[in-house]
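Participant: Hints given; two lone chains; assemble the complex.
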Amino acid sequence: MASPVSTAALAWLGRSAMRAVGGVGALALVAGRTAWGLRRLERRELARGLVQFGYESLPLATATAALAGVIVVVQAVLYIQRFGARAFLGWAAGYGVLWEFGPLLLGLIMSARIGARNAAELATLKVGGQIEGLRGIGLDPFALLVAPRVVAMEVSMLALSTFTFLVAILCEAVAAKLTLDLPVRVFFGTFADLLSPSDILGGVLKTGAFGLAISLVSTAVGLRAKGGARAVGEAAASAVVLGCAAIFLLDFLLTTVLSRWLS
Amino acid sequence: MRRVLSFFGAPGVMLARTVRAGTREGVPLREVLAQVHELGGRSVWLVTSGMAFFGAVLVMIANAQAKKLIGNVAVLGPAYFEMLVRELGPAVSALLTAARAGASHSAELATMSVNEQVEALEMSAGDPYADLVAPRVVAGVVGVPLLGVLGTLAATASAVLVASLALGIDGRAFMDARYVDGWDLLVGGLKVLGCGLYIPLAAAVAGLKARGGAEAVGHATTEGVVAASLGCLLIDLTVSLAFQFVRL
Numbered sequence: 001m002a003s004p005v006s007t008a009a010l011a012w013l014g015r016s017a018m019r020a021v022g023g024v025g026a027l028a029l030v031a032g033r034t035a036w037g038l039r040r041l042e043r044r045e046l047a048r049g050l051v052q053f054g055y056e057s058l059p060l061a062t063a064t065a066a067l068a069g070v071i072v073v074v075q076a077v078l079y080i081q082r083f084g085a086r087a088f089l090g091w092a093a094g095y096g097v098l099w100e101f102g103p104l105l106l107g108l109i110m111s112a113r114i115g116a117r118n119a120a121e122l123a124t125l126k127v128g129g130q131i132e133g134l135r136g137i138g139l140d141p142f143a144l145l146v147a148p149r150v151v152a153m154e155v156s157m158l159a160l161s162t163f164t165f166l167v168a169i170l171c172e173a174v175a176a177k178l179t180l181d182l183p184v185r186v187f188f189g190t191f192a193d194l195l196s197p198s199d200i201l202g203g204v205l206k207t208g209a210f211g212l213a214i215s216l217v218s219t220a221v222g223l224r225a226k227g228g229a230r231a232v233g234e235a236a237a238s239a240v241v242l243g244c245a246a247i248f249l250l251d252f253l254l255t256t257v258l259s260r261w262l263s
Numbered sequence: 264m265r266r267v268l269s270f271f272g273a274p275g276v277m278l279a280r281t282v283r284a285g286t287r288e289g290v291p292l293r294e295v296l297a298q299v300h301e302l303g304g305r306s307v308w309l310v311t312s313g314m315a316f317f318g319a320v321l322v323m324i325a326n327a328q329a330k331k332l333i334g335n336v337a338v339l340g341p342a343y344f345e346m347l348v349r350e351l352g353p354a355v356s357a358l359l360t361a362a363r364a365g366a367s368h369s370a371e372l373a374t375m376s377v378n379e380q381v382e383a384l385e386m387s388a389g390d391p392y393a394d395l396v397a398p399r400v401v402a403g404v405v406g407v408p409l410l411g412v413l414g415t416l417a418a419t420a421s422a423v424l425v426a427s428l429a430l431g432i433d434g435r436a437f438m439d440a441r442y443v444d445g446w447d448l449l450v451g452g453l454k455v456l457g458c459g460l461y462i463p464l465a466a467a468v469a470g471l472k473a474r475g476g477a478e479a480v481g482h483a484t485t486e487g488v489v490a491a492s493l494g495c496l497l498i499d500l501t502v503s504l505a506f507q508f509v510r511l
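Going down the list, the protein sequences come from chains L and F. Here this note's numbering is used: the first residue of the first sequence is 1, the next is one more, and so on. Here this note's numbering is used: the first residue of the second sequence is 264, the next is one more, and so on.
Only chain F is shown next, with the shape it has when bound in the complex (with noise of 0.2 Å):
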């Protein structure tokens, strides 16, 4: 139960200080940049050639499931591209990120707190929620999101080439985008904006209490990015109900 409230609580009490620290001291315009690079950036060849991969196989399996009862795959070809743009782009590239940037997050922090450099900082006056949190959560915000679209335009054009070359049927009729309309674009959007916000949160959780030596570091690490895989999940799911619940 103790774990359970504290994998919940704990990012929001994060989120809380962070926002009275950023809006308290400010938050350095030169530290955002350089963590929309590193959590963007570095993250843009990762979440391409995954989402690329992960296309190619849509495809494959839809053909699979046509194959199996109607016969003609192009007739899926829509309802998979909705589904692509509301649940798939925006859930696996926001578990890639994840992946990537939690790891390197939990990393850094934790090295970080273990060699005493958090304590250094505040020790000069520096506020390590508004210097090194307010940064990367709003480099979170802007960067998942973006990286969400990239992603999903990568699946788009490999499930298009893949369905030309290797189905030999109309890639472009294929993924039509009859079926997408703004509900759709709405809810791809807030999982985006909701796992940006997550990620950064859930990996200074687990790296700014990481305590003694290099070992900690390993171990802040895997929790962080557990904790943020597992909460983009969760946030994929709370979004998909809620509006499941709203349609209905």
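So that you can see chain L by itself, here it is in the shape it has in the complex (with noise of 0.2 Å):
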């Protein structure tokens, strides 16, 4: 005979394994559903995607790689101080930047702008049955809806990856100009001879693998949304944070992958 607790718990650790179980199985039939509807992409909405997801982020990619590149030139010039290895801040901001933070900070701000956003519109559109409409009179919402994101963001991560490293990194030479008064010459000595395109290589592989999670892990979310007005606020908020529980993961495989595979 059970006890009332370990009943519980078992229950507990049953539906939580039911839960992950459902959240695969709608993430790979989104991705499948999606890959099937690439075929018959709807072009307009791939146009509006790519103006929404990359043309709108510009300011905040930017503003997001400035401070990136500030606040990791800021942080190393304690070390820099401290072990007198003034020369080569260029090679570790920059890897640091390329590898780390600007992949991760790109990430996580868009998966607040673009994952929120999608989740919310496409829960709008399941909460009204808008969804359901769309399937009566023999239309694919994930060719219509899913598909046009999907590859949207993906085009959209790739476009603002290159750029905002390259922001986050001018920004670096800059505030070093400025914090220690290395010549920018010197900073970019020694990016350009200790990193390699495979560097850049890995960063931009990272932010794609982030934009692909975002996009599919939102319009996921919003698909599955049940109920009145409270549930598209909701898929909105999961949409967030499943996105940067996604990242995360991805970004300690990817890292521990990458590295061995690029180097």
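Any given hint could turn out to be false.
Computed footprint of chain L on chain F, listed as stretches where at least three residues anywhere in the stretch have a Cβ under 8 Å from a Cβ of chain L [stated by the list, open to error]: (1) 371-380; (2) 493-504.
If you only want the chain F side, here are some residues facing chain L, beta carbon under 8 Å, derived [what the hints assert, rightly or not]: (3) Gly313; (4) Phe316; (5) Ala327; (6) Glu350; (7) Glu478; (8) Gly481; (9) Thr485; (10) Gln507.
It should be emphasised that the hints constitute simulated quantities derived from the structure, not laboratory data. Glycine is no exception: its CB is placed at the ideal position from the N, C-alpha and C atoms.
Facilitator: Below, the structure written as structure tokens:
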């Protein structure tokens, strides 16, 4: 005879496991249906997504990159003075931005901006019964709503990543000049000597993976929304949370795999 | 220009109104506890697991950097630990909390304003600033520092584990607290306090001005999360720069 506590624990475990399986299943379903819908991609939606996700994120992405660059240098100055390794700042700061802070911060900010918006829009459509309506008149909501978003997000993230890395590194060079009086030529000297194109590739690959994760997670969460107006806010919030969790998990996996593969 | 001004001004005005209303009406203790659970308790898993992965990544990065220059990753350990305590622990924990709590606060408040529940509260002689915003602000000031400590501990623990298991160096020697002093703790503490104050205010600004239908809720949520995350980054930079100039 099981005690009530262990029964409750078992029930909780079962419910959590079912939720996890359901979540993974929904994600796989969205990914599969999106790949299937790629052939009948809605061009106008794609163009709208590119403007919304890419072009309209430019100010935010630039501001984040500039902040990240300055923070990395301000923080590094402490160690530079302690170890007396002034000349290596260009390499260390560039490495940090390309591999870690550039992709991670861009991913988190874009998850907040685009992930929440995607989930809220799709949840509004779902709650209002408009998705059912699309199906009713024989249109595939995945080809029409999801696939363009995923493609637009991926293209935007890849384009933004290279641009924001450039902004961050320029800001680093300026911050190093202002705080350490390090000549810009020295900064870019070690930067060019010790970093290889594969380091840039690592950052771009990570950002691309984050973009894919954000778009898939947010659309899956939005399409699962049920209930009234409250469900829309909840979907937006949980898209952000799940997006962040996915980014951290991918960050760990990709850093481990890519640093071994690219070096 | 107007957007920049309102980005910095609106949370300030919100803080002033909240403090005034809170001192006049008193802050409901029960609601504060509920918000501490909502902001702090429900973010625990996200912050702990996120920071654990982050700590592991940090060790891998240190290893890659050390291989190129020095050849001995253990030398970098104490500097990385200081950076974790001073900068990355508070900043990344606060960013994660901003994502989780900023989204749920602004979604909740936006739903309430869209459904005119805020007006209903005013009609029944309640004060939205004292009853809705003040408890969230108190919860932020209490909760975010605790989450910062928790996140830093999680990152340290996973860094020690990864260093000893994957890299084969003494993990406890790697995460050496040799360089950590009171200044570092002060800098980290100021950052989490500032972020804890700012996140609920930014979310409240975005949530309470939502008008319209369900779409406005989604829009307000996005705005709240973006403002909270960007604000946390700015607070980090400001504190770091201020201490840079004080110590130099």
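Participant: Work down the list of hints and note, for each, if the structure agrees.
Facilitator: Against the structure, the hints:
1. 371-380: Answer holds; 5 residues pass the 8 Å Cβ test.
2. 493-504: Answer holds; 7 residues pass the 8 Å Cβ test.
3. Gly313: holds, 4 Å
4. Phe316: Holds - the Cβ of Phe316 (chain F) comes within 8 Å of chain L, reaching about 4 Å at its closest.
5. Ala327: holds, 5 Å
6. Glu350: holds, 5 Å
7. Glu478: holds, 6 Å
8. Gly481: holds, 2 Å
9. Thr485: holds, 4 Å
10. Gln507: With Cβ-Cβ at 6 Å, under 8 Å, it holds.
When the structure is compared with the earlier hints, no violation turns up for any of them.
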